[in-house]
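Take 27 as the starting number for the sequence shown in our numbering and just add one per residue.
Because the hints were derived from the structure by calculation, they are not lab data. Heads up, some of the hints might be wrong.
Said to hold, decoys possible - Simulated restraints, written as ranges between beta carbons of each label pair: (1) V45 / A76: 25 to 31 Å; (2) T247 / V45: 28 to 34 Å; (3) S166 / R229: 28 to 34 Å; (4) A123 / P159: 38 to 44 Å; (5) R30 / L99: 22 to 28 Å; (6) L40 / R143: 17 to 23 Å; (7) R148 / V45: 31 to 37 Å; (8) A123 / D244: 34 to 40 Å; (9) A224 / G124: 46 to 52 Å; (10) G97 / S121: 47 to 53 Å; (11) R143 / R229: 14 to 20 Å; (12) S166 / R143: 43 to 49 Å; (13) R158 / R30: 23 to 29 Å.
Source: prediction; values computed, not measured. Note that beta-carbon positions come from the ideal geometry of N, C-alpha and C, so glycine has one too.
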Amino acid sequence: TARRLVALGFRPVLAPALVLEPRPFRLPPAQALLLTSRAAARALAAATPAASALPVLAVGEATAAAARAHGFLNVTAAGGDAAALAELAAARLDSAAGPLLLAVGEGYGQDLAAGLRARGFRVLRRVAYAARPAKELPPSAKAALATGEVAAALFFSPRSAACAIVLLRAAGLAETATRMQALAISPRVARTLESALAPLTWRALRVAERPDQDALLDLLTPR
């Protein structure tokens, strides 16, 4: 994301609200691998290089690009959310051909797994990483926020949005949100941004047309 922002002419200030911790992982036999995040692609490639030979169905284009960058060879992208990934799996895969390996973060993927099982698939849900709340904002982010340099903030999940606002409050910088645009990847993220910041409000709160990185970045480039 940072590289994309630089290419668009912006100066990104990195402030991850969640810290990713890979989990030990054993590759079970499966006909295909389902990825719901870029973090899952990174963690799985590092833990089990043999997974790169499996066909991959990724939740969206950003996750698909991350999978290819980490050595996965046969990657297809869905439309950006779990429902689209389930539809793609049902259209492309045969439930009789073997189980599906669903690599997720700790606490995620249960609904997707249940939906696929309801379609007749055997789903092996495996935790590839855990996402822990960051302890504080990086010094560079604190400085940029305090001096009013941050015009917009991008949010990719409800949990990271909630954690980011906790970090803002802990740093005594919650008021800076009233001078920033909040760009949400989905309506659910937008609702979290509103409720977690209350009674304060963002200068503006905008939602991507589709739940993917491209649509989120489109909010930065008026047409």
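Hint by hint, here is what the structure shows:
1. For V45 paired with A76, a C-beta distance near 27 Å keeps the hint of 25 to 31 Å intact.
2. A hinted range of 28 to 34 Å holds for the C-beta pair T247 and V45, which are about 30 Å apart.
3. Between S166 and R229 the Cβ separation comes to about 22 Å, which falls outside the hinted range of 28 to 34 Å.
4. Under the hint 38 to 44 Å, the C-beta atoms of A123 and P159, about 39 Å apart, fit the expected range.
5. At about 23 Å, the beta-carbon gap between R30 and L99 stays in the expected band of 22 to 28 Å.
6. Here the CB-CB span from L40 to R143 is close to 38 Å, at odds with the stated 17 to 23 Å.
7. Distance hint for R148 and V45: a CB-CB separation of about 33 Å, consistent with the stated range 31 to 37 Å.
8. Between A123 and D244 the CB atoms are about 37 Å apart, so this pair conforms to the stated range of 34 to 40 Å.
9. Remark: the range hint 46 to 52 Å for A224 to G124 is upheld by a beta-carbon distance near 48 Å.
10. The hint said 47 to 53 Å for the Cβ distance between G97 and S121, and at roughly 27 Å that hint is violated.
11. A C-beta distance of roughly 44 Å is found between R143 and R229, which places it outside the suggested range of 14 to 20 Å.
12. For S166 and R143, the hinted distance range of 43 to 49 Å is satisfied, since their beta carbons lie about 45 Å from each other.
13. The given range of 23 to 29 Å is respected by R158 and R30, whose C-beta atoms sit roughly 25 Å from each other.
Hint check: violations occur at hints 3, 6, 10, 11; the rest are consistent with the structure.
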